[in-house]
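Chemist: Here's the letter readout for the chains.
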Amino acid sequence: MTAVSESQEAVSAAAPEHLAAAQLRRRSAWRAYELVLWLVAVALIFLLPSKALLLTEIAIVALFAVSLDLILGYAGIVSLGHGAFFGLGAYVAGLFARHYFTEPVTGLLVAGLASGIFGFAASFLVLRGSDLTRLMTTLGIALMLAELANQMAWLTGGADGLGGFTIGPILGLFEFDLWGRTGYIYSLAVLFLAMLIARRLVHAPFGLSLKAIKANRVRAAMVGVPANSRIVVIYTIAAVYAGFAGALLTQTTSFVSPDVLAFHRSADVLLVLVIGGVGYLYGGIIGAIVFTLLRDWLSVITPQYWMFWIGLVLVVIVLIGRENLARWHTFLPAPVQRVFKRAASWRPGVKLGGGG
Amino acid sequence: MSTVLETRNLVKRFGGFVATDNVSLTVQRGARHALIGPNGAGKTTLINLLTGSLKPTSGRVVLEGEDITGLPVHRRVSRGLARTFQVNQLFPDFTPLESVVLAINERERLGASAWAPLAAHAEAVDEAAGLLERFGLTDVMGERTSHLPYGKQRLLEIALAFAAKPRVLLLDEPAAGVPEEERHEVLAIVRALPAEVTVILIEHDMDLVFSFADRISVLVAGALFTEGTVAEIAADPRVKAIYLGEDA
Chain A
1 MTAVSESQEA VSAAAPEHLA AAQLRRRSAW RAYELVLWLV AVALIFLLPS
51 KALLLTEIAI VALFAVSLDL ILGYAGIVSL GHGAFFGLGA YVAGLFARHY
101 FTEPVTGLLV AGLASGIFGF AASFLVLRGS DLTRLMTTLG IALMLAELAN
151 QMAWLTGGAD GLGGFTIGPI LGLFEFDLWG RTGYIYSLAV LFLAMLIARR
201 LVHAPFGLSL KAIKANRVRA AMVGVPANSR IVVIYTIAAV YAGFAGALLT
251 QTTSFVSPDV LAFHRSADVL LVLVIGGVGY LYGGIIGAIV FTLLRDWLSV
301 ITPQYWMFWI GLVLVVIVLI GRENLARWHT FLPAPVQRVF KRAASWRPGV
351 KLGGGG
Chain B
1 MSTVLETRNL VKRFGGFVAT DNVSLTVQRG ARHALIGPNG AGKTTLINLL
51 TGSLKPTSGR VVLEGEDITG LPVHRRVSRG LARTFQVNQL FPDFTPLESV
101 VLAINERERL GASAWAPLAA HAEAVDEAAG LLERFGLTDV MGERTSHLPY
151 GKQRLLEIAL AFAAKPRVLL LDEPAAGVPE EERHEVLAIV RALPAEVTVI
201 LIEHDMDLVF SFADRISVLV AGALFTEGTV AEIAADPRVK AIYLGEDA
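Line by line, the protein sequences are chains A and B. Residue 255 in my numbering sits at position 255 of the first sequence, with consecutive numbering throughout. Residue 39 in my numbering sits at position 39 of the second sequence, with consecutive numbering throughout.
By construction, these hints were calculated from the structure, which means they are not laboratory data. The beta carbon of each residue, even a glycine, is placed where N, CA and C say it ideally should be. It is possible that part of the hints are untrue.
Said to hold, decoys possible - Here are some chain A residues pointing at chain B (derived, C-beta under 7 angstroms):
| id | residue |
| --- | --- |
| 1 | 16 |
| 2 | 21 |
| 3 | 28 |
| 4 | 151 |
| 5 | 208 |
| 6 | 212 |
| 7 | 215 |
| 8 | 219 |
| 9 | 337 |
Unchecked claim - The following residues of chain B were derived to be distant from chain A, with all beta-carbon distances above 10 angstroms:
| id | residue |
| --- | --- |
| 10 | 11 |
| 11 | 13 |
| 12 | 16 |
| 13 | 30 |
| 14 | 57 |
| 15 | 59 |
| 16 | 113 |
| 17 | 192 |
| 18 | 211 |
| 19 | 229 |
As the list claims (entries may be wrong) - If you anchor each label on the Cβ, the simulated ranges turn out as follows:
| id | chain 1 | residue 1 | chain 2 | residue 2 | range |
| --- | --- | --- | --- | --- | --- |
| 20 | B | 29 | A | 340 | 55 to 65 angstroms |
| 21 | A | 154 | B | 122 | 51 to 61 angstroms |
| 22 | A | 189 | B | 122 | 26 to 36 angstroms |
| 23 | A | 217 | B | 64 | 19 to 29 angstroms |
| 24 | B | 228 | A | 127 | 40 to 50 angstroms |
| 25 | A | 217 | B | 60 | 18 to 28 angstroms |
| 26 | A | 36 | B | 64 | 50 to 60 angstroms |
| 27 | A | 228 | B | 149 | 26 to 36 angstroms |
| 28 | A | 36 | B | 147 | 21 to 31 angstroms |
| 29 | B | 207 | A | 15 | 30 to 40 angstroms |
| 30 | A | 136 | B | 2 | 50 to 60 angstroms |
Looking at chain B on its own, in the form it has when it is part of the complex (with noise of 0.2 angstroms):
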């Protein structure tokens, strides 16, 4: 296996706190890699860094062998990373078919054309009622985001990234905040995203990381503390320590 993303001594200072410390990780093309560690580890900083939402202090991002760190998200997102929201990140007044169209023109670099409708550009417009029905929302891709059920938004989080046609995935929790009759949805999609891409996966959610992962990362203190397969990480008693506590 090839290695599609990777960090290079990446560290991120807020003034004197060091978010992210030294993180060298390497996430090999098709893995379903989970990201775990405590609350306050620096999850979501390193998730920022990879995306570019946030500039690093110092340290290199990679992905597929070219050097990432100096783009600003939109291109980052052009070269095939993409990410879901930890907290949902939607266009309240869209209708999720008109969310889907956008993610899928910006990608076919029709989003400056300025002069024929929508509709037009049929290719796109096949593309994302195909995506709708993959994602189980066609029968409610004409109504406001705002208005849909919470599982329904959260499907529409991960299908937003997904129109990207990403080569990395980065879900930040995904089934975070879902009622449990909506939750196994989510879950269906997300263990049915295609092998060739490459999933990241943020959770607190053991039994999910579990499942699905097949590499696991654990992040301390903005460190990378250690990393294995899933068994390796499972059998780890310094892994459970961290997480029912040093002196449980």
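Chain A on its own, in the form it takes in the complex (with noise of 0.2 angstroms):
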């Protein structure tokens, strides 16, 4: 009893430097939803190691999605095309493995690079416009991507894909099994390192200005944030990350399918983040769980008319309303909503004031 009073009052008797700094320390520390969803993640290696593959194509769709999280959830910059960057950063893994070096990391690092500046090329048509003729421009650049690697079948396979290459063991140490086990570690080690980097960049002031860009663009040149230049970056970091997530799913599946610069690559990171919220990165990685789990049931259940469901559940999702479902929680009874609230803010370390 004592303690706690004693803490609240050094907190309200606190200078307001501390208490701001304090408070902005709150907002980047992690929560206890993070480390769970990591746990849970290394557990099921173990858990579940006949779930492999599926594990898999999860971290790659998660990781994908992120990346579009990077540019919509913070930066406010829609896009139907971002699959562009994914299907390239496949494409070049795969060509990479074939042509040059089997070793994967070497494989995403360049397809990550070559991803990286055809991104950089593209923001600068995403700079100016409407959210509509964003969604066109995307579209766009995504389709002629497509239309290319079709044409160029001597270098991609054309319809048939892109085979004919084993990747090598990561780092020349860890050989990809059958099973998919080390690939999922794989996947889930980029993802992990893709995330730790995501959450530093938008707590620290870069990703501060992105949302300021987000919320109110007006306003945000008005305390001098130069807009155009932090969106030509934050698009260039995105297509990186999409294109890791390309060269992951062909690292992973030895081949590359004309599939992966196909136009639903990009609707459904838009779903999957429809799904699982954007603007916290967290919700690409629960999108994605949830999207690829629905898709995989719904799929066994009913083959031909999965889509229809996955489209009905979406229906539900807006009828609803996201941040109805993102406050799910305040639906519950008052003692179990206590519960959670205080898992929520638990983190390891010092306790800051009385909770409340």
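Two chains, two frames, some hints: make the complex.
Modeler: Structural data, given as structure tokens:
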């Protein structure tokens, strides 16, 4: 009792700058659900070895969705062609393994670099214009790239896809196995590192300025935010991430299907974010889990009509409203809510104030 | 006194409509310069030309001796030209603390820093806390901006402009829409702005103009109608005629 009231007093008596610093620190602190998520993801390596292929797919879709979240959820740039960067990464990783070097980490970096360069060039096309023109521009870029890959059959294998290569051991040490276990660990590791970096980006001044551009571009300029250069940077980073995701797909399946550049890739990843929510990074991961499991489950029970059910789920989500789904816990009975709140605000180390 | 901001033969046309008609305005350093005029006189257009939101059809804008006519908005801000908006332009989901930290970071060229978290830039955080205290926002600094009372949002609007450490601050009707009980707080903040900051005030409230300004420019139909000290403008029968109507 006394300890609690003392610590509360200490906080309320603290100088405003300490309060301010504490508030800002809390904003970027690791949350309980993040730790749980990563622990579960690691535990699944051992608990569900038979589902490694599905888990790998989730990790790849998640990385792709996180990439889109960086531009959509933070800078507010809509895109219907984010699959372009995914597909480019997938093809570059395949071609690199086939013609140059089969070590996957090198291939991953090369694919990310290629997508990043393409993303940098494409970013100048999304600087101007409204959401509608951006949708059309990004869609156009993706369609052009898909057609290009289809026409350049001598390089990409055209409609047959690109095969005939094997991926070497990771860093020369870890062989890919038939059951996809290495592939899952590899994909999860890449997703985790990418998330660590993305977390830093969005909690740094850079991320705050992106959110400002999304929230109110007029005012953002008026406090000195150079919106264009920030958008170019984040668009490039997002393209690198999407390229990584595409490369992971190539490397874990040893094949590049022309499907990697198909329109549905760009649409699916948007759906994933609609399901998971934008602007907090984990929406991409949660959405990827729900979307992939749903698709996997529905395509087993109704192989022909699974798209219908996905569509229905989306309609329901839109009807209920994302913000209501995000605060689902507020509809629970009060005692249950308190338990959740305590769990959610728990983090290792010192307690801040009385909680409350 | 030296000139801090001036416009030279500034013209802005929207099609056939002349919104700003050959305005040559000179503002002295440290002045409290009011810009008044009836509705549609082109006050907001002139402000947008000064801040760079609009590009002039012809003419120049000069800040501290340097031609800034071609600079985009954010570059003018970093040169010390900030403004508030007649209708709040805030970040609804940000807390006041985040908003002010953002403005300070951009001013200190930390905005592109992408690794260390916000709290790691201790000087910016300390300054933000001080600024929020000065503007009476300390107790609400952790709340969502959209949940704040209008008067507090108005104060944040001014605090955001002030965080850029402007040498020239354009206040576009700072007390507009603020309920009576919160009004004195906003006005006290405006009056307490440091003397070295040049303030250009656009205002309809003549009591505020005459009590605050030391110099007044009157805009009519996009053109500079007259300019003078408060006493001169108050005594000018033509200004009275414009405000009360020519036939009154």
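Chemist: Give a verdict on every hint.
Modeler: Consistency of the hints with the structure:
1. At about 4 angstroms, the closest approach between the beta carbon of residue 16 of chain A and any beta carbon in chain B falls short of 7 angstroms, and the interface hint on this residue holds.
2. Against a cut-off of 7 angstroms between C-beta atoms, the interface hint on residue 21 of chain A holds, since the closest Cβ of chain B lies about 5 angstroms away.
3. The interface hint given for residue 28 of chain A holds, since its Cβ lies 4 angstroms from the closest Cβ of chain B, which is under the 7 angstroms cut-off.
4. Because the beta carbon of residue 151 of chain A sits about 38 angstroms from the nearest beta carbon in chain B, more than 7 angstroms, this interface hint is broken.
5. With a least beta-carbon distance of about 5 angstroms to chain B, the hint placing residue 208 of chain A at the interface is held under the 7 angstroms criterion.
6. The interface hint given for residue 212 of chain A holds, since its Cβ lies 5 angstroms from the closest Cβ of chain B, which is under the 7 angstroms cut-off.
7. Satisfaction of the interface hint for residue 215 of chain A is found here, the shortest Cβ-Cβ separation to chain B being roughly 4 angstroms, below the 7 angstroms cut-off.
8. The interface hint given for residue 219 of chain A is met, as the beta carbon of that residue sits about 4 angstroms from the closest beta carbon of chain B, less than 7 angstroms.
9. A distance limit of 7 angstroms between C-beta atoms decides the matter here; for residue 337 of chain A the minimum to chain B is near 20 angstroms, and the interface restraint is violated.
10. Every CB of chain A is more than 10 angstroms from the CB of residue 11 of chain B (nearest about 23 angstroms), matching its label as outside the interface.
11. The non-interface label for residue 13 of chain B is consistent with chain A: the shortest C-beta to C-beta separation is roughly 22 angstroms, beyond 10 angstroms.
12. Residue 16 of chain B, annotated as away from the interface, keeps every beta carbon of chain A farther than 10 angstroms; the closest lies near 27 angstroms.
13. Every C-beta of chain A lies more than 10 angstroms from that of residue 30 of chain B, the closest at about 23 angstroms, which supports listing it as non-interface.
14. Every C-beta of chain A lies more than 10 angstroms from that of residue 57 of chain B, the closest at about 21 angstroms, which supports listing it as non-interface.
15. Every Cβ of chain A is farther than 10 angstroms from the Cβ of residue 59 of chain B; the closest lies at roughly 22 angstroms, confirming the non-interface assignment.
16. Interface exclusion of residue 113 of chain B from chain A breaks down, the closest Cβ pair being 5 angstroms apart, not more than 10 angstroms.
17. Under the 10 angstroms C-beta cut-off, the non-interface status given to residue 192 of chain B relative to chain A holds; the minimum distance is some 18 angstroms.
18. Every CB of chain A lies more than 10 angstroms from the CB of residue 211 of chain B, the least distance being 27 angstroms, so the non-interface label holds.
19. Residue-level check passed: residue 229 of chain B sits 30 angstroms from the nearest beta carbon of chain A, beyond 10 angstroms.
20. At roughly 57 angstroms, the beta-carbon separation of residue 29 of chain B and residue 340 of chain A lies within the given 55 to 65 angstroms, and the hint holds.
21. Range check, residue 154 of chain A to residue 122 of chain B: Cβ separation about 58 angstroms, and the 51 to 61 angstroms hint holds.
22. Checked against the hint of 26 to 36 angstroms, the pair residue 189 of chain A and residue 122 of chain B passes, with Cβ atoms roughly 34 angstroms apart.
23. The hint said 19 to 29 angstroms for the Cβ distance between residue 217 of chain A and residue 64 of chain B, and at roughly 27 angstroms that hint holds.
24. A hinted range of 40 to 50 angstroms holds for the C-beta pair residue 228 of chain B and residue 127 of chain A, which are about 45 angstroms apart.
25. As the Cβ distance of residue 217 of chain A to residue 60 of chain B is approximately 26 angstroms, the hint placing it in 18 to 28 angstroms holds.
26. In this structure the supplied range 50 to 60 angstroms holds for residue 36 of chain A paired with residue 64 of chain B, their Cβ-Cβ distance being about 56 angstroms.
27. For residue 228 of chain A and residue 149 of chain B, the Cβ-Cβ distance of about 35 angstroms falls inside the hinted range of 26 to 36 angstroms, so the restraint holds.
28. A beta carbon spacing of about 30 angstroms between residue 36 of chain A and residue 147 of chain B agrees with the range 21 to 31 angstroms that was offered as a hint.
29. Separated by about 38 angstroms at the C-beta atoms, residue 207 of chain B and residue 15 of chain A satisfy the suggested range of 30 to 40 angstroms.
30. At about 51 angstroms, the CB distance of residue 136 of chain A to residue 2 of chain B agrees with the hint of 50 to 60 angstroms.
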